[in-house]
Amino acid sequence: NAGVTQTPKFQVLKTGQSMTLQCAQDMNHNSMYWYRQDPGMGLRLIYYSASEGTTDKGEVPNGYNVSRLNKREFSLRLESAAPSQTSVYFCASRTWEAERVNEQFFGPGTRLTVL
Amino acid sequence: DQQVKQNSPSLSVQEGRISILNCDYTNSMFDYFLWYKKYPAEGPTFLISISSIKDKNEDGRFTVFLNKSAKHLSLHIVPSQPGDSAVYFCAASATAQKLVFGQGTRLTINP
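Protein chains in written order, with my numbering: chain A, 1 to 115; chain B, 1 to 111.
Calculated from the structure, these hints are not laboratory results.
Each residue gets a CB set at the ideal place from its N, CA and C atoms; glycine is no exception.
Hints are not guaranteed to be accurate.
To be verified - Chain B regions said to be covered by chain A (calculated; three or more residues, Cβ under 8 Å): (1) 43-57; (2) 101-110.
As the list claims (entries may be wrong) - Simulated coverage check for chain A against chain B, where a stretch passes if three residues somewhere in it have a Cβ under 8 Å from a Cβ of chain B: (3) 38-46; (4) 68-76.
To be verified - Sample of chain A residues lacking proximity to chain B, with all beta carbon distances greater than 10 Å (derived): (5) Asn-1; (6) Gly-16; (7) Gln-17; (8) Thr-20; (9) Ser-31; (10) Gly-53; (11) Gly-58; (12) Gly-63; (13) Tyr-64; (14) Asn-65; (15) Ala-82; (16) Ser-84; (17) Gln-85; (18) Asn-102; (19) Val-114.
Sequences and hints are given; from them, build the entire structure.
Shown next, in the form of structure tokens:
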């Protein structure tokens with residue numbers, strides 16, 4: 001199992017450009033998440049998908065959109081990138097198995113710089 | 001409003017000694033708490049967790065203590081090893097759907 005995979009690993013954008021961050025998991029998990037990590041801020045939830053076909057806003061959704069393409073894939077789109085979106089982005093997934101229902105599994109991250 | 005706080009940005013401990021990382025929370029609805037460990041250029045990995053019905057959970061060198069009345073949890077690592085050098089995040093959950101993370105504490109284990 002590859003677990004949670006993210007592409008790309010690194011990306012540099014100019015202000016106003018758009019891009020999509022891709023995330024896939026092969027653990028048959030139902031729920032998927034997008035976080036951003038900024039220095040001194042911990043991980044903050046952008047959007048999540050509790051199950052295939054549903055998406056909900058997290059703590060910091062402004063400037064982002066998401067698509068739960070199928071059970072495996074959950075993408076994050078920046079329509080018009082801004083310097084404030086410079087961050088490290090993590091995708092995570094979660095099983096519904098009772099013993100591990102609270103545990104989230106994280107991908108390796110995408111480091112995004114917006115100039 | 002920061003619901004989960006890790007007030008120490010960094011901690012330095014000598015190899016073989018005990019490392020104690022602290023975390024405070026404000027939301028009394030939190031019923032599950034987790035610790036994650038993160039190495040540079042990698043995603044966070046799950047370390048240990050505790051339910052609010054317990055006050056202690058142990059897994060090898062790692063023990064998490066929960067003090068509900070003080071809304072405080074701590075992670076003890078004994079003995080500390082160089083490979084424990086990483087950033088540690090505590091997280092809390094009021095529903096299984098979402099986790100709220102603290103800011104992280106960078107632990108450095110000195111030989």
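Quiz item: So which hints don't hold here, by number, going up?
Solution: 4, 9, 11, 18
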